Structure formats: C-alpha cells, structure tokens
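*Asks:* One-letter residues, chain by chain:
There are 2 protein chains.
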Amino acid sequence: MNVLILSCGSRNKIVQYFKKELNGKGKVFATDCSILAPALYDADQFFIVPRIDAPNYISEILSICKKFNIKAVFSLIDPEISLLAKHKDEFLAVGTIPIVSEYELVEMCFDKYAMVQILEKNGFKTIKSYIKKEEFYRDVDLGKINYPVFVKPIKGSASINISKVTSVEEIELAFKKHDQMMIQEFMDGVEYGADVYIDIISSEPVAIFTKEKVVMRAGETDKSISVKDETLFKLINDFVKTAGFKGMIDIDIFKVKDNYFISEVNPRFGGGYPHAYESGVNIPKMIIKNLQGEINESVIGQYAEGIRMMKYNEIKII
Amino acid sequence: MNVLILSCGSRNKIVQYFKKELNGKGKVFATDCSILAPALYDADQFFIVPRIDAPNYISEILSICKKFNIKAVFSLIDPEISLLAKHKDEFLAVGTIPIVSEYELVEMCFDKYAMVQILEKNGFKTIKSYIKKEEFYRDVDLGKINYPVFVKPIKGSASINISKVTSVEEIELAFKKHDQMMIQEFMDGVEYGADVYIDIISSEPVAIFTKEKVVMRAGETDKSISVKDETLFKLINDFVKTAGFKGMIDIDIFKVKDNYFISEVNPRFGGGYPHAYESGVNIPKMIIKNLQGEINESVIGQYAEGIRMMKYNEIKII
Chain W
1 MNVLILSCGS RNKIVQYFKK ELNGKGKVFA TDCSILAPAL YDADQFFIVP
51 RIDAPNYISE ILSICKKFNI KAVFSLIDPE ISLLAKHKDE FLAVGTIPIV
101 SEYELVEMCF DKYAMVQILE KNGFKTIKSY IKKEEFYRDV DLGKINYPVF
151 VKPIKGSASI NISKVTSVEE IELAFKKHDQ MMIQEFMDGV EYGADVYIDI
201 ISSEPVAIFT KEKVVMRAGE TDKSISVKDE TLFKLINDFV KTAGFKGMID
251 IDIFKVKDNY FISEVNPRFG GGYPHAYESG VNIPKMIIKN LQGEINESVI
301 GQYAEGIRMM KYNEIKII
Chain V
1 MNVLILSCGS RNKIVQYFKK ELNGKGKVFA TDCSILAPAL YDADQFFIVP
51 RIDAPNYISE ILSICKKFNI KAVFSLIDPE ISLLAKHKDE FLAVGTIPIV
101 SEYELVEMCF DKYAMVQILE KNGFKTIKSY IKKEEFYRDV DLGKINYPVF
151 VKPIKGSASI NISKVTSVEE IELAFKKHDQ MMIQEFMDGV EYGADVYIDI
201 ISSEPVAIFT KEKVVMRAGE TDKSISVKDE TLFKLINDFV KTAGFKGMID
251 IDIFKVKDNY FISEVNPRFG GGYPHAYESG VNIPKMIIKN LQGEINESVI
301 GQYAEGIRMM KYNEIKII
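Chains W and V, in that order, give the protein sequences.
Going by full-length UniProt numbering, the residue at position 267 of the first sequence is 267; the numbering climbs one at a time, nothing skipped.
Going by full-length UniProt numbering, the residue at position 140 of the second sequence is 140; the numbering climbs one at a time, nothing skipped.
Quick caveat, the hints were computed from the structure, so don't treat them as lab data.
Keep in mind that the hints are not guaranteed to be accurate.
No distinction is drawn between identical chains; accordingly, a pair holds when it is met within one copy or between any pair of copies.
Calculated pairs, DSS-like style, for lysine-lysine (alpha carbon to alpha carbon, straight line, at most 25 Å) [what the hints assert, rightly or not]:
# : residue 1 : residue 2
1 : K121      : K234
2 : K257      : K66
3 : K228      : K316
4 : K213      : K71
5 : K213      : K316
6 : K133      : K88
7 : K132      : K20
Quantities reported herein were computed from a predicted structural model and do not represent experimental measurements.
Produce the complete structure using the sequences and hints provided.
*Replies:* Below you can see the structure in the form of structure tokens.
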C-alpha cells in the first residue's frame, strides 16, 4: 500500500511517521516543486513536480498515482487541498483515494470571514469579524468592540500581514496597503489547537488531541502542552460533524472566560501534529486502517494530560 | 574537559555537536531559565537557572562552573553575551574561560546604528542608516535615498517590529509606536551569512564559512547554499581583525552590484551554524583544541561550494 504526500515542504515528521507505519507494507512517495523541500529526502522515493498552478499539474500527479500504484494521496499546503478536492473523481478513477473534505468545505476554511458566518449560522460562538471597516468604526462608537483588534488578510496563512492595531489610522493604512483585509476581535484568553481525525469510512470523529499553545513563532505553535477537557471535546465533535469534515484536520480555538471560540480550521495535518503523534495519537495508523477497508474505533482523549512539546531545528544537507 | 552552554533554548544542534566532539573527554552542561528549552534535554546534565536579569544570576552560574569543573562557558543569547563579557574576570578566577569578545565590542554588535558608524570609520562599506527621521526625509528630497526602506529597532533581533515601508506616513507611525527606531536603506541584492571562528589564542580568523541565504523565516535562515569567494573571505578577515573579535561569530552581509556590505554581527553561534558544521567546518573541535592550549591552523574556505541546507522541525517531548 503506497501513499503519496504532495507539497511535502519541510514536513519531514509527517513523511517519517508514514514510513514508520507502512514499514514493509508499502512505500511513501513525496513531491514538491522545489528541490529545497527537506521532507523529500525522508521519503522512499520523491519527484520534483511543476508548481500547483501549472496547467499540467494534475495530470502529472495522476500519472505518478497510476504508475506507482498509489492507494492514497494528500497534500500539506492549503491551495492544493482545494485542488485535490476539486479533482477528487479523477483520482478515484485511477484507484487513488484523496484524503480530503468536500470542495466547498475546504474553500470555506481558507476564507476566514465565510468561516465565521457559517459558525454563527450553526450556533457556534465566534470571533467578532468585519470586512467593512466602517461597520467596525460604528461598533467601536457603539461600544460593541474595543481596541486592540487584529487586521489580517481574509485568505491568509502563517501570520503574514497580520497586525495587532490600536487606532483608526493603523486600520486605514493596512486596508490601503493590502487588499481583502478583515478586522477581527482580539481574544484575550488562551489559545488551543486540536488535531482531529474523522474516519473516512464511518464519517465519525475518532481522534481528538487538544493542546494549549504556550509559545508561537511565525504563526506556528513552537511549544505546547496537552490538555483534556470534555466540554472542548464535545464542541469539536459537534462542530466537525455539523460541518461534515473528513480525514485529518487541525482546529484553532480560543478560550476566553470559560467560553470556547472556534477560530480557524486547517483541513490537513497541522504544524503541531507531531505533539499528538508523540503522545500516542497515531493518525497515520488510522488512515492506513481506513485504506484497508476497516473502521477505526474512537480514541478521543486517549492520551496523557500535561505532555509538553518543544520544537527545534533539524537540518538536511544535499 | 567540561563545557557549559548558557541559555541553550532550542539550539539542540549546538549541544549535540559539543557532545559528539567531547565524547569520552568531557561533559556538556546546559542551562536555561525555562524547562521548555528543548536543548536542555540533549545535554549530559542541565540546570534550570534564574533569568539573566536576576540579581543572583552570575553567582549561580559561577557556582555551577566551580562545582562541575567547567573549562569553558558561552551563551547563545545576545543580552547574556554582554553579561559574560562584563564578568569575564570572575569566570577566569574560578578557572572557567568565557568564550566571548570584549564587552565594548559585544555591545556595539547589539546597537545597529553604532555598528554602522564603526564600520564607516574603519573604511568598510555600510548600509545607509538614520536615527533621525528628519535627516532621512531631507535625503529623500535630495535624491540620496529612495523608498522602500526598512524601519527597525536600533537594538532588535529576530525581525521583531521590522517593516519594509514606502511612505512618510508609515515611518511616522512606526516611530510613534515604538521607541529607539532607525531607518535603513533597502539592499536590493543577495544576502550572505558567514560563520567565523577567531582562534582565542592566536587571535587569527581560522575558519570562515559563507553561504547565500535562499529563504528566510522569522528573521532566521531557513534554506542556504554554501559559496566561496576570495573577495568576501578577505573582507571578513580584515573586518574581524580590525574590530578585534574573538571566538565564534556570525556575520550578515549584503552583495549589491558586486559590492559587499557588512550588515550585522552576532558575536555567537548563528542560527545557521549547522550548515557550516555539516559541511565540515567544525568550530566545536577548534574551541576544544584552544582549550587544550593549542592554536588552530586556518581552514578558511575548506569546504565544498554548492552544499544546500534546509531546516525542518524536530520535537522534544517531556
């Protein structure tokens, strides 16, 4: 059983975990458009492919899937996840299962404003968000929201062009400098991350690992500590079932005064997933079990509390 | 021969390299003020110590040096390097050699504006810099400098509060928001990093490894490629001898239209040092040789060109 990891970048740990899990039973293939993607060199075999926006991109990936008898494929970067979801049937036609949620759902994850609206519509608590700055100014006047607030791109990642601002002047500047910006309430609380696996056969959430983010760096969790909270598990379970996610997803949640607010969803392995894996929440194993036609039992909350994770730099030399 | 690495943070590779080099001949001790410093867990023995600004800090470190017969000590964070340089004699009095340059030199490195002035005074090409925004505006009017420019803290690190700006309005805002800011010319060229070792007995630069920075992330080199250029080696050699550095330093250099401009000096192991080490430039070995009373031969430029380095995240769990 071979697995193909697309746009592997520097996600060496994900490649390593699949290699370990497939040991003897299959190979891990990886792609990237750059030879400077270190995770390539941890795969059993790798391919340098065109950029995902190249016209022949999907056909190249499909031919790798056919040629190397790839059982399942997934991507580690956001724009490609939409692409995979869009071309799902073509992959299924060559016998490869793309591990991805539905296209509309995936697109919603990449639009922070759409996400807030969907959450609201379904009765989940959300973070106050504005795409029209005038509406925000009016709410400031009405005392409904206060500075500081965040100004960020509606479709952004890795904390690029995000700033915490305290004045009209800064908001005007940010909206002038960048297109498609939104204003979002500053959540003065604790931030959590959840690594979730929704069984692709039963559609049931079968793994939820939650951690408090202790230190962030460049928009990524640098240090975290595992936590267990039944209220949080229930919220996540309800949310992913309502939304209809499938496969592995990563959710950002804020806790302010005992209330949880879902902030963002990344419909892929999150950058902090190694914390979950090393704490015993083995999603690669669950994926492989699904690929063998078996349903996973729920292991929600089956890990120890208080496990601390710290990242450091390892290097590859070529 | 025991070595003590202070404020080891997430610099696991440095701890690992010293452990490998000392194998059997001595132990690596490490300290940090946080139990969430992953490099602690790679040392032979570690200590959680107060923050470097605590009144009893130096006496605690000195007592570790005495108790564990520490031959040499160095730090991996900037403010502590000044502290070590200041208290050099107290360490020497307990038989421990602090691997650090002179206090005034170290302080100069942490003041980007002072650095520019010293470079200029000694005839090295520098990056146009202003601490008075009015002088900058005047030079813009005179056509001596153009937008974009960088606004950054005079004493900053890790790209915190740095922004590339294109208008008076943004400069005014940055100066209003933060104290002690400076304006610096945008160098439209290639950025290099140099890992240098100046023999602590002979005071001669004995190792220079230079790399082109290919991708940056959060102010750190994420991907780089080794380069060799006699002009660059000569510039670095002249500069470190003129300035009088000792031990390991990391230099940032820009190349614009065939001219090299020294931008910054970190008087410690740089975040990209693993590239040099894995390319055969073994500074820990040179330090140990010095500690054994022997002078190192020059290995300047003794490495292959075109070696590529890529970082990825490894994790520690406790």
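*Asks:* Now tell me if each hint is right for this structure.
*Replies:* Against the structure, the hints come out as follows:
Taking identical chains as interchangeable, the C-alpha atoms of K121 and K234 lie at most 25 Å apart only when both belong to the same chain, with a minimum of 18 Å there against 66 Å between chains. Taking CA atoms no more than 25 Å apart as the test, K257 paired with K66 passes in neither setting, with 52 Å inside one copy and 48 Å between copies. Taking the closest pair of Cα atoms, K228 and K316 come within 25 Å of each other only across two copies (20 Å); inside a single copy the shortest separation is 35 Å, beyond that limit. In this assembly of identical chains, the alpha carbons of K213 and K71 never lie at most 25 Å apart, being 34 Å within a copy and 38 Å across copies at closest.
For a Cα distance limit of 25 Å, the shortest separation of K213 from K316 across copies, 15 Å, qualifies, whereas the shortest one inside one copy, 27 Å, does not. Taking the shortest alpha-carbon separations for K133 and K88, neither the intra-copy value of 38 Å nor the inter-copy value of 56 Å comes in at or below 25 Å. In this assembly of identical chains, the alpha carbons of K132 and K20 never lie at most 25 Å apart, being 49 Å within a copy and 58 Å across copies at closest.
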